[in-house]
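Take each chain as given, in its own frame, and dock them per the hints.
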Amino acid sequence: MLTEEKIPTKPDNVRTEEMVLNMGPQHPSTHGVLRLELTLQGEIIKECRPHIGYLHRCFEKHAEAMTYPQVVPYTDRMDYLASMYNEFGYAVAVEKLLGIEIPERVEYIRVIMGEFQRIASHLVALGTYGADIGAMTPFLFCFRDREKILSLFELVSGARLLYNYIWVGGVSHDLHPDFVRLAKEFIPYFRPKIKELNDLLTGNRIFIERTANVGVLPLDTAINFGISGPNLRASGLKWDLRRDDPYSIYDKFDFDIPIGKGEMGTVGDCWDRYYMRVLEMEQSLRILEQALDQIPEGDVSSAIPKRIKPPAGQVYSRVENPRGELGYFIISNGTVNPFRIKVKGPSFVHLGIMNELCKGHMIADVIAILGSIDIVLGEVDR
Amino acid sequence: MIYDYLYNLTGSEALAAFIQSLLPLFIFILPFALFAVLMERKVSAHMQDRLGPMRVGYHGILQTVADILKLVQKEDIVPADTDKPLFNIAPALVFVGSYGVFAAIPFSGAFVGANIDLGLFYIVAISGLIVAGILMAGWSSNNKYSLLGAMRSAAQIISYEIPTMLVILTIVMITGTLNLYTLSEMQTGYFWNWMIFGGPDFGISKFIFIPLMIIAFVVIYISTLAEVNRTPFDIPEAESELVAGYHTEYSGMKFAMFFLAEYANMFAVSAIVAAIFFGGFQSPFGYLGNTFGVHWLIPFEQFFWFTAKGLFFVFVQMWLRWTLPRLRVDQLMALCWKYLIPIAFVDLLIVGLITVL
Chain A
1 MLTEEKIPTK
11 PDNVRTEEMV
21 LNMGPQHPST
31 HGVLRLELTL
41 QGEIIKECRP
51 HIGYLHRCFE
61 KHAEAMTYPQ
71 VVPYTDRMDY
81 LASMYNEFGY
91 AVAVEKLLGI
101 EIPERVEYIR
111 VIMGEFQRIA
121 SHLVALGTYG
131 ADIGAMTPFL
141 FCFRDREKIL
151 SLFELVSGAR
161 LLYNYIWVGG
171 VSHDLHPDFV
181 RLAKEFIPYF
191 RPKIKELNDL
201 LTGNRIFIER
211 TANVGVLPLD
221 TAINFGISGP
231 NLRASGLKWD
241 LRRDDPYSIY
251 DKFDFDIPIG
261 KGEMGTVGDC
271 WDRYYMRVLE
281 MEQSLRILEQ
291 ALDQIPEGDV
301 SSAIPKRIKP
311 PAGQVYSRVE
321 NPRGELGYFI
331 ISNGTVNPFR
341 IKVKGPSFVH
351 LGIMNELCKG
361 HMIADVIAIL
371 GSIDIVLGEV
381 DR
Chain B
1 MIYDYLYNLT
11 GSEALAAFIQ
21 SLLPLFIFIL
31 PFALFAVLME
41 RKVSAHMQDR
51 LGPMRVGYHG
61 ILQTVADILK
71 LVQKEDIVPA
81 DTDKPLFNIA
91 PALVFVGSYG
101 VFAAIPFSGA
111 FVGANIDLGL
121 FYIVAISGLI
131 VAGILMAGWS
141 SNNKYSLLGA
151 MRSAAQIISY
161 EIPTMLVILT
171 IVMITGTLNL
181 YTLSEMQTGY
191 FWNWMIFGGP
201 DFGISKFIFI
211 PLMIIAFVVI
221 YISTLAEVNR
231 TPFDIPEAES
241 ELVAGYHTEY
251 SGMKFAMFFL
261 AEYANMFAVS
271 AIVAAIFFGG
281 FQSPFGYLGN
291 TFGVHWLIPF
301 EQFFWFTAKG
311 LFFVFVQMWL
321 RWTLPRLRVD
331 QLMALCWKYL
341 IPIAFVDLLI
351 VGLITVL
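Residue numbers (my numbering), protein chains in the order written: chain A, 1 to 382; chain B, 1 to 357.
These are calculated hints, taken from the structure and not from any lab test. Be aware that a few hints might be false.
[What the hints assert, rightly or not] Partial pick of chain A residues on the chain B-facing surface, computed with a CB cut under 7 Å:
id	residue
1	Ile133
2	Thr137
3	Glu209
4	Ala212
Positions of the beta carbon are idealized from the N, C-alpha and C atoms, including for glycine.
Chain B extracted, bound-state conformation (with noise of 0.2 Å):
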């Protein structure tokens, strides 16, 4: 672990400790926002015959790199009449809130930030911090967009955690754990092991599983894609209605913060996905590196694959966006109490009654 090594090499428990909770934000989730905003670009020009960004850069790979620059050297506006320090600890509080959640989040075999028990827990519990957040900012910016954006989002994040935590607890149910690390080692082996496909055990209910698991994988999904705010639940930032929503009134770094947390959220409720029900850091069928004797390759391997899971849910997230009308506020609440809540809640019951019996 990489734990070991630092403790090793600092000779320190509580340095260690410290170096590796923030290597995710450096290693990981900086130069993911990066290259997830310009892929967003990209995939949504090639979605709608365009070239994207071109200038900066060989095809523009560059550009987030100008964006951020010009960003950064932006003028802090603040409002008059704002409830200053609430607008100013709002970005930092969302940023917190979708970065928080990157430690319990197992990257390979060798790389969690923080190994622990209640992980998926801890997940859902820090990124409550989101929701005050976004309320924080649309309450002081003194915008009526802005507050009506915030209220909008506190609603739809709240309630679509209620079927996330619903498909939570249905995994909890067969697996017994709530640390993701674990929950991803138990899914080793070959594909047919993911929890999208009944799980590692071999038997009669696994194959019971396997409608089931399909069941709770849309639903969370569905629900995840709630509580980032993406097409077709952008509600709390549509463009068209509220012109940006929480965040119309910041500007510069204040503004890149919030953009950097959604990309970053992106990604952690994908990698959550992943870990969940795709085997997490698991290559779908065994490793290089067990075949060439060559055993420091598997952690980067895992890696690869884990990344690349998340990846793969995030471009999906971006096909949503750019193929999908918006729903109205009404509507979307609708759908997750409505059909969400009572389809996960049925789900969780009939995967209780199996794994009792």
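Extracted from the complex, chain A is given alone in its bound form (with noise of 0.2 Å):
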């Protein structure tokens, strides 16, 4: 990292200027509509401002206006690389305000379901990084693994990317005959995978040196910044809500919660924010082989209520979605319609962290960090 004493000073009568280059909202490389304004000396970030809200949808004005079940398609487009997570934590939400009990089949398909999904997302953001790297060979190997994800979500629900699958008190479909055989089928298919993308990608000598000790972002700031999930963990902290404020039927799976360690520089660097995800898939895929070994027989819509009119009174309820803590704030006044849902997305509040971990490094280094806090554009304008 290039801090600011090492750029030599310029003799006086030499005249330099910053120069702001607009990095976005057309660029191959901001994930989305996201403008960064870089005020740049040389190659050097002075300043990172990032600038949001070319993709708002008014999700959190729009919600008023519905019903509560009517909610749940909104909520797939938000983070649209993780819709099913979005779904569920609606869906837990949501129960805890009604009250409701949920058949444990259900809880099962959860899970599995949203354990897929943070496989599926986190497919997407190890390719999308090593192609924002340079190496576009293994963004494709993720994407052909991903699509076999997307096609077991097509099997349940009949859609692929957007799937109104989770329900309030449960799911909207029964699971395929064929799934629980083709979902173990999967697994014993993707581990050699994960060695493929190490060897390729992980373990690479250029791709190390670019992202070990890169935007290195401490603990203290982490916590201060409100930073969750994946890239809180890589800074040091075990933490993960799945364990730490249980939620469905997380407490009866053994997973660990593997956390930066810094092998390769410094910890909380981009690699380790990076290899974070890829050790996170190995315990995802190992809650999915007890799920798939455990999952009972049973009615799915059993509690799905008729008609879903939440007593007056007010419920936050947070899951880890891939990509961190998303929380949903949910009043209700008594009404078939939310009076206000309010989210907390994990990527909103990751994309705060840019101008800290981005000054003093170079333009190359704010792709490589940009890509290592994995937003969704669609989650942070929402």
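So this is what it looks like as structure tokens:
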């Protein structure tokens, strides 16, 4: 990292000026429509200011005009790479408000979908991160494997990206008869692919040069900025809502929470954040193995209420989205429409750290840092 | 030689020389660029579990032709506030720089564009035009990404010319010639006469030369990768950072000229490496023409071997591109100045000592 002191001082008679570079909204590596206003001295970043709002769709206001079940498809469209988990989080929140019990089979189905979604989302994060660093091939390998997961989702919900599958009180359809078999086949298929990714990208000398010791996020800064999820764990804190604030049936499964150890550089650098996602995919596979073995028979729609009209009150419920803490704050005034829905999205919170991480780095590092915190603009803007 | 044949045919020295110097362009570079673009797409596709272009012609073999036709039809857009003369000259300059290199490359015993005694020197000099063209393109585009790309590119190409030159000097010290044709002729016979295996002279020095030559080869191969802006050194046109680097603002045929120049350049540097270290157009194990007594066959065989070697190195370039990530601009400079140049220099000194002794 080049700090200010290391920049050679210029002679007095030479005039230099800072350059302002607008990276985005149309740029190959901003992962959506994000505009980064970079103030540059040569190639060194003096300031990085994210400008958001290009994808704003008024989700929260919109939700106030709809009934509770109608909100579900809109949650899909926030973090469109982790749609299942958005629905999952919303369903958990509304069920907490209603105070209803969910059949066990439904809980298993939700966990299975959630963990598949976590793998799919991490695959996109890792693949595009490789592409950001300049390696195109891991990107296509990751998408090839993600396609298999999307096919499984298509089997159960009929959609490949925006599912509308997890409903309040249940799921829209029971599993397809072939699902468990196909899902079990995926796990032994996918384990070697993680190793392939490690061989191709994780251990690559150039990749390590580009990411280790770049964009180091110390733990106290991370906590102060409200970072959560893999980014927080990469900074060295064992904090996972699946374990620390259990929801659904996550307490039934045996899995580890990996944390960043700084194997290639400093704890909390880009490489750690990248590798955290690789390790989490392995843990998700472990959860999936257990869940697919234990899944009970039963009815999935018995608990779906005919008319959702929660009592007046408010609830905050949070789940561990692939990107971090996804919280729903819902106020009910006793009618069929929510009075207010506020989403605490991980990507939005994480984007706030950009300036902190980018200062003193080079342009190429901005891409590496932005890729490593893994934001989805659909959720930043909502 | 082709020149004599053309001279007999036309009866004019100037016309013969003119036609001869144009031949590499028409019978080699243009078809090669078409082929190389397709090759890149197919190689990358198969490395990534894809099929690549499949629609135009059998397995998409006419895809590039279709692409070029599309580019020709495109409107020639010159953005407002560009420096128009420079903006228009730049692609031509880059194209000339990479095409000019081919004049001195011996494709076979009977086919050298221009058999210059200072061939290697000429190649290094004329490819300097590319830097000028890239800088012009970046500056005149009036685009910040282009400017950053051009500045990176100029710094990179100029830096990496130093290790390239040091390695070429090493070879020149052993062989005593800058003429690529003579250099190729020297490495005749079997493959153990190639420079990578210590050159044509037998003796103790040959075996000392082998590791030194392998080091020199690795150094020159890495620096040529950087000179033609290929991954892991494709920093000037780093797509994920600088959109398309210095040719962000170009479209249509002008873009095609940059594109063509890039692929021509890939082959040019591969050809130079092949000519210096891998015997140029010499076959690794004798000629069919000699075996059967059909002597007119030999130049064609030589042409085959030369393109095969060149294409092999082009393939390795593609292979690297679709495997490796990209370095950062300061790491790229560190690699050049901290590792490649000292290594090349030590190599040069040792070889110099051995040749003197």
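Exercise. Which numbered hints does this structure break?
Worked result: As far as the earlier hints go, only 4 is violated by this structure.
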